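Visitor: Here is how the chains run, residue by residue.
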Amino acid sequence: MLARRLRSKFPALSCRWQTTASTTAVEPPPAGGHSSSVASSQLFRITRESALRTPGISWQDEESDRNIIGGRETRKMNLYQAVRDALSIALSKDDTAVIFGEDIAFGGVFRCTMGLAEEFGRERVFNTPLTEQGIAGFGIGLASMGHTAIAEIQFADYIYPAFDQLVNEAAKFRYRSGGHFSIGGLTVRTPTMAVGHGGLYHSQSPEGFFMGASGLKVVIPRSPIQCKGLLLSAIRDPNPVIFMEPKILYRSAVEQVPIDDFSLPLSRAEILIPGSDLTLLTWGTPVYHCESALRLLNSPPPSLAPLIPPSLRNAKVELIDLRTILPWDVETVVESVRRTKRLVIVHEAGMTGGVGGEIAAEVGKRAFLRLEAPVRRITGWDVPAGLQFEKFNMPDAVRILDGIMETLSY
Amino acid sequence: MLRSLSVKYSPLLTRIRPGGRALSSQPTSSLGCLPTTDSPVVSKLGFFNSVTGDGSKIPSYRVLDGFGIPIEGAEVPEISEQFARRLYENMQLLPTLDNILYNVQRQGKISFYMTSYGEEAAVIGSAAALADDDEVLAQYREVGVLLWRGFSLDRVMAQCFGTHEDSGKGRQMPVHFGSTQHHFHQISSPLATQIPQAAGVGYALKRDPERRSKNVACVFFGEGAASEGDFHAGMLLASTLPSPTLFLARNNGFAISTPSSQQYYGDSLSARGPGYGIDTVRVDGNDVLAVMSAVKEGRRRCLEGGRAVLVEMMTYRVGHHSTSDDSFAYRGRQEVEDRKKIDNPITRFRLFMESRGWWDKTEEEELKSRLKQDVLASFKRAETLKKPDLAELFSDVYAEEPWNIREQRKELAGLLEKYGQVWEPWQNDLKIFKDEGKKLAD
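Listed in order, the protein sequences are those of chains A and B.
Last residue of the first sequence: number 410 in UniProt numbering, and the count goes up by one each step with no gaps.
Last residue of the second sequence: number 442 in UniProt numbering, and the count goes up by one each step with no gaps.
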């Protein structure tokens, strides 16, 4: 039903629409969540050619000088399969690499580690007891010995018991030892953001809490190709990295992903849609709501048309995916805002203390005289993520559209 | 394999016998076991609350009595005179160092210090039982391990004074030592965080073909720190995964002002070991030979089983918690004086050495004088040294320097240039750094 409705709305989709939704019987909501913005997105690279042309790809194999057109393969993967692919490559190439966390061995509650215990053995892919502070501490210890420790925190909502280990120990490990001890080999992966039915404790976006933990890096991918490349970079980065994977995208985000070993750069934002009138900055799931918002703005459906002034419909909005939250790519963002003179930041986490405030302050400092409107943040409200209310809590296409229009006409 | 060992009697082993008082009336169950377990079914409702099975306290292993004489049935380890001297010299070096640095803090020359008074046997004895390249993760009262391993007094002073010779670049408070060369992981102030980390270090040793079955990760902590969740996490991981991690608990009776009677209700930390299914022993922590034997055997079991082992060393914190503490605010002077007299770890071992003809009064005086001279010389030298470059305020946060730190460094450099020559407080403060602040602008 849903598929047919969407196909009629977006005819271009009909030839490549992939759906796990049944067309007849009522099914439970997919465990991986479902989002119409994601389903209709044009941002996914669904052909081999476009995938291989992903900006910033750096091939990490021996044939890195090989022409990308000549012979590299891609395979259709969703986000959890891309995670799995990256992990498999990491373990194949690095004998010290191990993966651990709760329920890792059978494949993980989101299937990110499926088959890895069978492939690499239970000494390298294993379950830990139920203790996030233990998982983080254990990973720090492993990494302090120069090993590659890939820890999983089952939901970002449960990262707080590990907060002491991550902020007091991991972030400060190199500094406090004068550079003699370090834990670059530590990567902590965790599913993040809302999933449609997660409620207070399966929907959180805690990236803001780590902004003050200088010494850590925080990375959030938006798609399978991004996930694989950024995760491999994170694993190999000589600093401890927290890698937050938007869980609603695990099944619903699908791309043709290059099967070779490649990385994408950390601390580099990506301009997804170039523009000149306003900068729209976000990361993770809201990337697709932003994309939908731009579509509504440029070609509004009849129901919304009266509310969207024709003068605004031609606005060219520049959509940027921040990708790395800490340290974030201030250059790309500020360069964009100096051109467009208007900035809207979108994130699921609550307004107060969220990453948007930090970015707004820094952009305000650097582009103060250029700005023609205050920096606008469109975020989750300052409330816990109430289950029944999620659709009106997390920023959606219409709220983002409204914020864009307000900022354009300030 | 460890389970079969547990059936044989061993003075160094404590194990749970399921069924304390109330359950002991049913020797073997004719009612079978619960499905998929070995837990025998019983018909009488009974609760248990004893690790030893009869409500008595877990015993403490000892070799020498209060006068340095082997107790009845003692298992005196075979050590050479040379080795005994090395033990004794380090047990004296530690309080010699403590005396001087404690006073140095009182004079305002260093900001803080923690002494190891009363715990010399626990720390030196355990260090002596480890291999030099066993990875040690300590809490804060284990500089004796570093001294045993040959960490120089100059390096001790460098860290306490925070000079440019400090490998930690003056970033942490005194006694937060670290040394890659000595396999001694950097101390950090948060308590117990090192415990699950040690389980990870042990796992890395297990995975490393060069070090597997050769080295253990050894983690020290006090009985107070063992109340933290990280203790439970570390024990779980090292027992379950498993990883070759040796848990050495210094039960010195106090966590700052909190006596151990207010820290836990069970039979100290030893009672917890069997809860994790691991080999555990309690030892007289003021008997250096007992500590050495217990830790040596614990280490052996740890390597053989590849799993956590717990050694609880019962000792007494003679000194204050730190230079920020006056322990007579919460305990009587007489209690401390009594312990110093009747249960002095250094005295007990000295008497043992004298009984072997390995030590006498002249050597005692010579040793004390030499050690004091060495420490004083090192201290005087450290006093003259400059602190690290001020630029080190900003380095090593990440492997590389991100834009925010680079800009902040330059901002401070700019402020120093503007005010540093005219504002007297800054002028004075800048002089202590090796670069006098000049390298900030690089």
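Quick caveat, the hints were computed from the structure, so don't treat them as lab data.
None of the values given here were measured: they were computed from a predicted structure.
Think of the CB as a built atom: it goes at the ideal place given N, C-alpha and C, for glycine as much as any other residue.
There could be a bad hint or two in this list.
[Unchecked claim] In silico EDC-like cross-links for lysine to aspartate or glutamate, where the CA-CA straight-line distance does not exceed 16 Å:
#1 B/Lys-372 to B/Asp-154
#2 A/Lys-365 to B/Glu-411
#3 B/Lys-434 to B/Glu-383
#4 A/Lys-365 to B/Asp-154
#5 B/Lys-439 to B/Glu-417
#6 B/Lys-439 to B/Glu-407
[Claimed, not checked] These stretches of chain A come out as covered by chain B in the derived footprint (C-beta under 8 Å, 3 or more residues):
#7 53-62
#8 145-155
#9 160-168
#10 172-181
#11 321-333
Visitor: Tell me, which hint numbers fail for this structure?
Guide: Those not satisfied are hints 4, 7.
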